[in-house]
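There are 2 protein chains.
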Amino acid sequence: MPITKYALPDIIFGPGTFARMPLCARQLGAQRVLLVSDPGVERAGWVEQATDLLRADGLEWVYYNECVSNPRDTAVARGAEVYREERADVIVALGGGSPIDTAKGIAALVGNGGRIQDYEGANKLRKPLPPLLCLPTTAGSGSDISQFCIITDRKRRMKMSIISRTLTPNISIVDPLLTHTCDARLLLASAIDALAHAVESYLSVLSSPFTEGQALESVDRIMRFLPAAVQDKKPEALERLSIASTQAGMSFSNAGLGVGHSLAHTLGGIYDVGHGAVHSALLPVVMEYNMRDCLEKMAGIGRCIMGGELSNAEDTARGGIEYLRNFFTRLGAPVRLSRVLPDDTGLPAVSVGALQDVCTLTNPRTPHAGELLALCREAW
Amino acid sequence: MPITKYALPDIIFGPGTFARMPLCARQLGAQRVLLVSDPGVERAGWVEQATDLLRADGLEWVYYNECVSNPRDTAVARGAEVYREERADVIVALGGGSPIDTAKGIAALVGNGGRIQDYEGANKLRKPLPPLLCLPTTAGSGSDISQFCIITDRKRRMKMSIISRTLTPNISIVDPLLTHTCDARLLLASAIDALAHAVESYLSVLSSPFTEGQALESVDRIMRFLPAAVQDKKPEALERLSIASTQAGMSFSNAGLGVGHSLAHTLGGIYDVGHGAVHSALLPVVMEYNMRDCLEKMAGIGRCIMGGELSNAEDTARGGIEYLRNFFTRLGAPVRLSRVLPDDTGLPAVSVGALQDVCTLTNPRTPHAGELLALCREAW
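If you read the sequences in order, they're chains A and B.
Going by the working numbering, the first sequence opens with residue 1, and the numbers climb by one from there.
Going by the working numbering, the second sequence opens with residue 1001, and the numbers climb by one from there.
Worth flagging that the hints you see were computed from the coordinates, not collected in a lab.
Among the chain A residues that face chain B by a calculated CB cut under 8 Å, a handful are:
| id | residue |
| --- | --- |
| 1 | 3 |
| 2 | 4 |
| 3 | 5 |
| 4 | 12 |
| 5 | 14 |
| 6 | 209 |
| 7 | 213 |
| 8 | 214 |
Computed list of lysine-lysine pairs in DSS-like fashion (alpha-carbon distance at most 30 Å, straight line):
| id | chain 1 | residue 1 | chain 2 | residue 2 |
| --- | --- | --- | --- | --- |
| 9 | B | 1005 | B | 1127 |
| 10 | B | 1127 | A | 5 |
| 11 | A | 5 | A | 124 |
| 12 | B | 1155 | B | 1127 |
| 13 | B | 1234 | A | 5 |
| 14 | A | 5 | B | 1233 |
| 15 | A | 127 | A | 5 |
| 16 | A | 124 | A | 155 |
| 17 | B | 1005 | A | 127 |
| 18 | A | 234 | B | 1005 |
| 19 | A | 5 | B | 1005 |
| 20 | B | 1005 | A | 233 |
| 21 | A | 127 | B | 1127 |
| 22 | B | 1005 | B | 1124 |
| 23 | B | 1155 | B | 1124 |
| 24 | A | 127 | A | 155 |
From a predicted model like this one, the values you see are computed outputs, not experimental measurements.
From the three backbone atoms N, C-alpha and C, an ideal C-beta is built for every residue, glycine too.
Using the sequences and the hints given, assemble the complete structure.
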């Protein structure tokens, strides 16, 4: 087995743990918090609850909400200015992947200076970051667990993957009650993002015995509980999705991802399409592409997806992919990129960009740009 | 699901990772290391290799080796004096559970002052500890991963369990090559300790979806690879035991243990018997005792142990226990306490002491002292 590194934030999981936020912030040394969130989370009422909690605890705060889907370099730079000007000491991120990634980008700049572009790639952040506490309001991004931070460079129309041990938050408070205000569309897109994290990290060349079990358990939980979560917002089902998303985060943060995420990142950069909306179209195609180089593992995923196996490894792997496509269709998730993108003119640029994405390095099959373009066309 | 907390050190796993020790110590701020080990590890040659690595890197060090099996309060107090007098800044623990627990006790006193007795129980350590880097030379104690520290109070003839998030080491470097110098007896006792960690934490009332999978995978790996590790010291088998021990550590540090460990701690305190030597006698008896209150989970362990299931949950659970007893017997591990203890006069005191042990709180079945004495007699 090759050398593997494994790191996680401290995780506090369970309904009602939101209320521990001020105490955890204080444990990280907080006197004046930079609270990072977005208008959607405000509308759901969680920002007000967060500031109520801070007030009741006597903690000062500054609020920053310039976070959009596919969070931007410019918002990160402004957030870092706010942190410095306001003399904040701890960053609290409350939201889905976008506010959390924005908060991570802010932390990177506060600790290391310069522009966020300076840190694209793996292990470029050399200096320590200010303490970061995350409270995810969706069950999917895993950014509250991971050492990944994905920021869009608007000028170059591309998403930068910034990966560093120091981007692992100090504490992640995963309160599944926070996902109760998500609508069905957001629940679905988030869970499919988590499913892609679990599958891609399980197939990754850097997967290890410490990540593989969590990845498969995550796949199993999402398959079993996503329908009830989307249809009836059953609290038990939503809780299981939060568990699954956390497990997928534990896996991909330490094992890396694959070309599905390379393509999703590049599609997000070029088309500014929501990250969660493209995985239902990409994941089955990417699984078919990878099968040649990791048949046994693909059969393992097939067993997990179908809850049983077919006569041989290849049939089980293919059966899992087919089952997944039907599952996505039944749930109303787009299985064609043409349903979420305005036109296909950007696809050649997407495939070239995805080849450079750091997630491509850990994909089990090494692609060339032509293959990535073929994947996009197949998913179109 | 109840609220759960999950914390781990940064883990660096793989053959040859020992050489990264100086770099990791520097990352923790080291200029002058307190290296904690013991005469057995010296004889195996690892202490010399460690000091060679430190010298080559230009790091200063002080060496402390007053560690014995069932590490003592007095050794912890002297080690803390050495740390302070020598102005060390990072503690590096190299060895099995005894040097690592000694190092943790030293760290506790350096950070919090007073006597180690002051911190018995859960969450008594309020102030931060100096950085701690662990390099386990056995595959079993899991102390390099866990927030547990077990220290013997010689006057009271009892082992104290000290449990605190801050006792989680900063970094654990798990190099399976370090276990190659263990003899068969030590490999066996260490692996059975890890097996007890996995089983007891899986059954614990604080187990969670984040710990249960790692626990079962650990059981599976130990059952499959322990024979080859003990008989031929096959490198692949030793590596799998290191993986299994790390997984069991990830599980029990966050889920806690049960009465098997309560009894083992108390037996160690009263008889000064090696911790690893008593689990092969205790574990099957404890599993039988717990079965009433966690039949489904016990069946899960039975399936894992036997690699298959019998006609119903109870048969599968009982089958697993029987299989385990035969497995221990075949490997030459004692399945009777009478084989490792000089006499049974201390057993009443053992059962009273075990009732107070913090591990009893997380056992799935709540015992009274009479039941614990009956367990000892049954294992006699």
